[in-house]
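With the hints as your guide, set chain B onto chain A.
Here the protein sequences come in this chain order: A and B.
Using the working numbering, the letters of the first sequence map in sequence onto residues 524 to 845.
Using the working numbering, the letters of the second sequence map in sequence onto residues 61 to 365.
No wet-lab data here; the hints were simulated from the structure.
A quick note: this is a predicted structure, and the numbers were derived from the prediction, not measured.
Glycine residues also receive a C-beta, built at the ideal position from the N, C-alpha and C atoms.
This list has only true hints and no planted wrong ones.
The following residues of chain A were derived to be distant from chain B, with all beta-carbon distances above 10 Å: (1) Val529; (2) Phe548; (3) Thr569; (4) Thr607; (5) Pro611; (6) Ala625; (7) Gly628; (8) Leu640; (9) Gly650; (10) Thr700; (11) Met712; (12) Phe713; (13) Glu741; (14) Pro795; (15) Ala836.
Label pairs and their computed distance ranges (CB to CB): (16) B:Cys100 / A:Val660: 15 to 25 Å; (17) B:Gly218 / A:Leu834: 34 to 44 Å; (18) B:Ile73 / A:Phe826: 46 to 56 Å; (19) B:Trp75 / A:Asn759: 49 to 59 Å; (20) A:Tyr743 / B:Leu245: 25 to 35 Å; (21) A:Phe826 / B:Trp75: 49 to 59 Å; (22) A:Thr679 / B:Ala81: 42 to 52 Å.
Partner residues aside, some chain B positions facing chain A, computed with beta carbon under 8 Å: (23) Pro205; (24) Ile211; (25) Leu300; (26) Leu323; (27) Ile338.
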Amino acid sequence: MSARFVGRKLAGAFVTLLFVVCFNFFLFRVVEGDPVANLFRGRNLTVEQRDELRRQFGLDGSQAIQFVRYVEQTAKLNLGRSYTSNEPVVSEIRRRAWPTIALVGISTLLSTVFGVLIGIAAAWKRGSFTDYAGTTVTMATYSMPDFWLGMLLLITFGVTLGWFPIGGITDPNSGATGIVKLLDQGRHMFLPALTLTVAYLGEYALVMRSSLLDTMREDYLTLARAKGLRDTLVRNRHAVPNALLPVVTLIAINFGFVLSGAIAVETIFSWPGLGLATYEALNGPDLPMLQGLFLVFSAAVIFFNLVADLLYAYLDPRVRTS
Amino acid sequence: MSSTVQPLSARRIAWARRRRALAEAGQSYRGSVPGMIGICVLVLVVLMALLAPWISDQAELRAVNTVANPVWASPSHFLPLGTDNLGRSIWAQFVWGARISLLVGLAATVLAIVIGSAVGVTSGFVGGWTDAVLMRLTEWFLVIPFLPLAIVLAAVLGPSVTNVIIVIGITSWPSTARLIRAQVLTLKERLYVDRSRALGASRRHLMGKHILPNVAPLILANTTLTVPIAILSETTLSFLGLGDPTRASWGKMLNEAFDAGALSRNAWWYYLPAGLGIMAVVLAFTLCGQALEEILDPRLRERRT
Chain A
524 MSARFVGRKL AGAFVTLLFV VCFNFFLFRV VEGDPVANLF RGRNLTVEQR DELRRQFGLD
584 GSQAIQFVRY VEQTAKLNLG RSYTSNEPVV SEIRRRAWPT IALVGISTLL STVFGVLIGI
644 AAAWKRGSFT DYAGTTVTMA TYSMPDFWLG MLLLITFGVT LGWFPIGGIT DPNSGATGIV
704 KLLDQGRHMF LPALTLTVAY LGEYALVMRS SLLDTMREDY LTLARAKGLR DTLVRNRHAV
764 PNALLPVVTL IAINFGFVLS GAIAVETIFS WPGLGLATYE ALNGPDLPML QGLFLVFSAA
824 VIFFNLVADL LYAYLDPRVR TS
Chain B
61 MSSTVQPLSA RRIAWARRRR ALAEAGQSYR GSVPGMIGIC VLVLVVLMAL LAPWISDQAE
121 LRAVNTVANP VWASPSHFLP LGTDNLGRSI WAQFVWGARI SLLVGLAATV LAIVIGSAVG
181 VTSGFVGGWT DAVLMRLTEW FLVIPFLPLA IVLAAVLGPS VTNVIIVIGI TSWPSTARLI
241 RAQVLTLKER LYVDRSRALG ASRRHLMGKH ILPNVAPLIL ANTTLTVPIA ILSETTLSFL
301 GLGDPTRASW GKMLNEAFDA GALSRNAWWY YLPAGLGIMA VVLAFTLCGQ ALEEILDPRL
361 RERRT
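Chain A extracted, bound-state conformation (with noise of 0.2 Å):
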């Protein structure tokens, strides 16, 4: 891979980016009224605190003005405070990143070996009924709502059959340390790792049994079957590393959407993560918050999608040499 080829790759993420920022800045200027008076409605404020409170929340002089200190700012790795906790959205962040990290890294890594090993079950064997079996399964998941799904698992092994803990991410009573809080945070984390798990393994088992499908009609199959090679020999060693192909870029991909796409679950279950801090921020409204948050997610998806790219021309010479 040419430096020159991952120069460009880094340049236009960080283009994408650059605009995102702009983007943000003007998407939340429209919203505003003024956050300072809907705060502190129905307090006696004197000019001088109004004054001093617009320069804290950084919403003081021209919209240029405040354009160049936000982008500046920005860079600082400075979003602001958030209007509810008054505390440095950053650091609330950085807070609540790694729940959902470990919760989507879990869930990621789950449905993407299930759902190829099902893509794989069903595309050697077209037309079998394991074909048919897996190709509903994952069409009925992949068509529910994944907020639905997790109500039925919350309602089956949360409430009814009480397995599984319904909502937070440790037991607040416990006061457990150490290895007895990582099982309680783990049985926590079971249920809503299990809703994300079914409700993303279907489009990976249905990417991989396409990519598989295509694979089959080379003619490279043909020759190692020809050679005399095993069954299992030809799917394992010569089919199934060069489907994987589509399917290890869906997953780079995949892994910075799932981040924010985890919000209605994490609603769900209340699983302390970003997803929920977006649907409190939106509540709130917390809008520096909520800036923050969409400035991290795209972020993400941008950060993974230059990823993907790396890793499939790493992967797929083709690529490279175009």
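Leaving out everything else, chain B in the frame of chain A:
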């Protein structure tokens, strides 16, 4: 018959050819079992939505009219689907909600397809700087995470059915634009287009006679596959409280069921119908779309053999 005596005009030949192609496509569509199942489900749901005033009472949607009804009544106590925490009929919400969910899904798709096709065709056909700028824009819309953007836009524009349609429409066109552009690019290089151009055909003629008729089937298949995504988006937005607060939709039913505590009460008659409805419609559109795609998309046509 006069047509056997007179020489056929070019226009009539073209139309006869198109009619034949349509009949052939219809024939192969009827051969697709999933496609036919999809159509049947869609006909049922659309009928239900259209007949809403006759099969349910709209007055049952408003809590002021349902004071006399029992609250949290299960279907065995209140026909046909029970009531919610305010005594409103679930059946009425389900039937009237189907209207909004379908309306938003279809209208948002039309918006997305119109923008996507316009950008895709222009980009592919005109090329050059226009193409570069439009594709940059498309890529940029592709990487903006849909849900946060939709949330922010919905918050900015305010909650109403029209705004939900606009939000979903302007966030879901980029993939269509890319698909159409790729198809236009390959069409542009075909020999018959070259020949037509060499004979002095205007851009308008090329566009109208050669490019558009050939991308139209792809646009149709893509439309059917965009509707389910639009419907799921409406559901999520309404669930997060960004839908029209005055109109029942399936997403809003799930939002209200969750907020009212239907889960801890295990009021299945409240949260099951809307979810099943969404699932049925999304699945039906996907099945139809895939069946159409397999018939109309030249790249997939090969695989069937």
